[in-house]
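Colleague: Single-letter residue listing:
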Amino acid sequence: MSLVADRAAPAVVAPQRPRPSGNSTLAAIVLICLAAGAWSVWSLGIDLATIASSFDNAVGFFSRIVPLDFPEFGQTVSLVVETLAIVFLATLLSVVLSIPVALFAARPTRMGRGSQWTARTLIVFARAIPDLVLAIVFLRMFGLGATAGIIAMGIHSVGMIGKLYADAIEELDDGPRESIEALGGSRSQQILTAIPQTLMPQLIATALHRFDINLRTSVLLGYVGVGGIGLAIADSLRTLDYQRGMALAVIVLILCIVIELVSGSIRAALMASTGAKINGGTWVDRMFNRGRTPGVGDLILTPPWSVARFRRFASAAVLIVLTIAALWRVDVSWSALVAGLADLPQTVSLFFPPSTGGTLGNLVEQLLVTIQISLAATFIGAILAVPIGVLAARNVVANRAVHKSFRVLIVVVRGIPELILAIIFVVISGLGEVAGTLALAIGAIGLLSKLIADSVEETDLQVQEAMRTTGAGEAQVFFSATLRQAAPAFVAHIMYLLDTNIRSATLLGVVGAGGIGFLLLNASRVNQFDVLTMVLILMVAVVLLVEALSMWLRRAVR
Amino acid sequence: MTDSHSASRPTTPELQREIDRIYAVQLDHVTKDFGGGVLGLDDVNLGFRTGRISVLLGLSGSGKSTLLRHINGLHTPASGRVRVLGQDMDKLRRSELKSVRRDIGVIFQSFNLVGPMSVLENVCAGALGSLRGPRITLMMYPKAVRRGALEKLDRVGLADRAYQRADTLSGGQQQRVAIARALMQQPKVLLADEPVASLDPVSAHDVIDLLRQISAEDDLTVIASLHQVELAIDFADRIIGLRTGQVVLDRATAGLSAEETSQIYSSVSGTDIAEVGSSDDANIARAQMPKTGTEAAARVGAYR
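Read top to bottom, the protein sequences are chains W and Y.
Take 1 as the starting number for the first sequence in this note's numbering and just add one per residue.
Take 1 as the starting number for the second sequence in this note's numbering and just add one per residue.
The following block holds chain W by itself, in its conformation from the complex:
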């Protein structure tokens, strides 16, 4: 026997029995979550009887809002444009802030562990602090108006956009970057050559998605004094002018649906164009490239005006024009901005030290109510949204009419801002927790059903095929192949819903839907900023706890 052969003999390693996964812990946690949800529903007094008894209120409500009192056309357009300008600038700001944060936070592009950790922490905090609270702070700093709202939404959005960008960078194929590294390219060359063009479609899609969300938020921020339609709605409802208020709400609803459809189609077009062929002639090519054929013979060293290149330049131009127009419309007061920044230490000192305002018991009680609302809303929302989402998936329901109509239902519900739902429920079921819960539960159909439907559609169809070939029935295929594959995504989405609901429940408190949000608004009205800080600390703690729980659950359910 040779030396080579001796060395080649592989070391014998006894097969290890895999450690039992935390199945029992997992089951216990899931049961506890479910129980907490059910208990919240019960303790908030939400049952069919309550809902039925508020039917009279609903009838009364509708008699009070008709006829809807729409503002005159010019005023409507002005409000809509102002709102869109605020939302556009806020989203743009958050994209600009998110790109560097995401580069620091993503593993392939990070500069070091320390700065990666810092960036990740920034993202988590930006998510945990509600934009309403940020708006209150910035209104204090920069005065009433659009500026505070833009900065508040811009910073809070980093929590979502930064995270999604960082995830997208991490999911990219690292090969192209590595190939630039292998040929001696510097760090910045690696990043700027391999990443921007590949990431661009996702970058824009995420920004558009956030634009939709910020549009809804901007309505809410009207309540604390940021301009646009939200302010007009808040003013009308404060004077109990429901006819005008609801008319404006209808305008918001239409606006949201239109924007949703527009951004949806842009996103679809973006996704479709990745990987599409751009060679070949269209009228653009013929117009700009008369008689040009690229090749080494005539050494053409500038790219031809292809449709794609033309579209790139046009998009950049449109973006610049829109930015200038939006800045002009909202009339950002630069002097107030500078003055506000100069006063930063003074403003900050107003918020510290945190104080309970002498009513810690009350704070904790209201915080618990907010948590109950979000648990109950997630519980009811999941019960409503999971079946709808599954039925909207085209690989579960073969009937085109059925899954299409469920998709349309989802889009319509998504279009309704939760704020509007909350206002309606506040009027119908009276001030309090029930209104907030129901509003969030309905809102869940828009958010959760879509995510559920998407993740069911993303499951590997070949697995289902394989099961069918063994003679499994459709139900068996659904439960063993489709549902099993989508289960981790379901858990992740439901936890995400809980996470969003905690923040939404806080915000809806502002319109009287119960919980700690109302205290938040009151504290800011009477300039008790130290109480605001206390509330914020409590909330961030809760959000971080939920985040930790959901991270654990997502790892456990695979």
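Bear in mind the hints are in silico, worked out from the structure with no lab data behind them.
Just so you know, nobody snuck in bad clues.
Some chain W residues near chain Y, calculated using beta-carbon distances under 7 Å:
#1 Pro176
#2 Leu183
#3 Gln197
All C-beta atoms in this analysis are idealised placements derived from N, C-alpha and C, irrespective of residue type, glycine included.
Using the hints, position chain Y against chain W.
Modeller: The following block gives chain Y in isolation, referenced to the frame of chain W:
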């Protein structure tokens, strides 16, 4: 066999320079530990002669990619020495590493082109190592670089695709673009990690032929990993078999008999170890025995 494992290094600078001239890439007792007792490379001693084509054969996980990644410094060895173009890779500062990498072209199994970018811009990116600062559009590259890139594209036969998106090309075409990109570096060493594993047989042959032609024209030292034995015999001057991070076979391809070919199969796949014993190995090593004094000295320095 024994003396090739003694780590006596050449003592005089002249001798070292002579060895560096003959061997573009030298691996000296290189071991890579991936942790948990997994050895990526296990005491590898190899010298790759300047201007020759060598092919690493082995199953996946045998250490081919790990070996290649050590040569351009994407991996650093746990112990041992990697010397490329007269530079010890572990002693280099960041900037020096970059300048060595500039002389080493790399071709990947998955091509690693930036998909949405035009073919020409992808080729231009090959010059980034000698340019300062990032470039985010084609027009940010100097005109001379763009012209050079178009010439390289012409060399691989794809000049007419210059302004097409890279991800609209076929696999074979993408790999040719990747070769053009590597040529932009004007490399002295070309590493190819499974360059044809994602290609159909016809494209695979085209790419191999192109690599062979370029290697001959530019006097390139080529080190490629492959797993098709016939392709390797066809392509290479020398075949090195790897299994679990160890060199299990090392011989010239010239004059291989059919029987020896089948032995290569079995030694690489590990089905029949006994047939490729150390005696064979020693014969091969002897067949490659250096003829000159300096080469002999190099051999004592454990470079096979």
